[in-house]
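*Asks:* The sequence shown begins at 19 in this note's numbering and counts up one residue at a time.
Calculated directly from the structure, the hints in this document are not laboratory data. Ideal Cβ positions, reconstructed from N, Cα and C, are used throughout, including at glycine. You may find that some hints are simply not true.
Unchecked claim - Ranges of calculated distance between the beta carbons of each label pair, as one might list FRET restraints: (1) SER26 x ILE79: 17 to 23 Å; (2) LYS20 x ARG68: 31 to 37 Å; (3) ARG68 x PRO33: 29 to 35 Å; (4) ASP76 x LYS20: 20 to 26 Å; (5) ALA69 x ALA29: 16 to 22 Å; (6) SER65 x ARG44: 18 to 24 Å; (7) ASP76 x GLY45: 21 to 27 Å; (8) GLU96 x ILE73: 21 to 27 Å; (9) ARG77 x LEU101: 30 to 36 Å; (10) ASP108 x PRO59: 19 to 25 Å.
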Amino acid sequence: MKREELISLLADESPADTACREALERGAPFRIWDDSGGSIPASNLASTYRAREAITRDRGIPTLGFAAAVETLYALGEQPVRLGGVTQVDPPYYFQLFLTADATSVLACIGVDQQHQQRRS
């Protein structure tokens, strides 16, 4: 997938989509995992990310779109989902993307502040 394609898929005006789109426009590296290993059912991801949401909240780590993404994953049920990621360096932020299996639409986006990783080192 080309950078311009991914930017255009982040059409939602939510804070997470907007921040991710802006990071991509500034040249942040990204990766969309191919589906050679098969896409993952959204319901499998929902429980994992609900637990991750609780951990980040308990640790006071700033996030964008986490709760909304988890609810979207639960609502999608067994629909296959492909994963992607965008790594913003300055300030350090990681965006987890959930796309349709054919990578033609972004279903949800989570942004997680990575500065806590630097403080823990």
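*Asks:* State for each hint whether it applies.
*Replies:* The hints, checked one at a time:
1. SER26 x ILE79: 17 to 23 Å: violated, 29 Å
2. LYS20 x ARG68: 31 to 37 Å: Holds - the Cβ-Cβ distance for LYS20 and ARG68, about 32 Å, lies within 31 to 37 Å.
3. ARG68 x PRO33: 29 to 35 Å: The hinted range 29 to 35 Å is violated for ARG68 and PRO33, with Cβ atoms some 20 Å apart.
4. ASP76 x LYS20: 20 to 26 Å: violated, 38 Å
5. ALA69 x ALA29: 16 to 22 Å: violated, 29 Å
6. SER65 x ARG44: 18 to 24 Å: Since SER65 and ARG44 have Cβ atoms about 33 Å apart, the given range 18 to 24 Å is violated.
7. ASP76 x GLY45: 21 to 27 Å: violated, 33 Å
8. GLU96 x ILE73: 21 to 27 Å: This hint holds: roughly 25 Å between Cβ atoms.
9. ARG77 x LEU101: 30 to 36 Å: violated, 23 Å
10. ASP108 x PRO59: 19 to 25 Å: Between ASP108 and PRO59, where Cβ atoms are some 35 Å apart, the hint is violated.
In this structure, the hints that do not hold are numbers 1, 3, 4, 5, 6, 7, 9, 10, in rising order.
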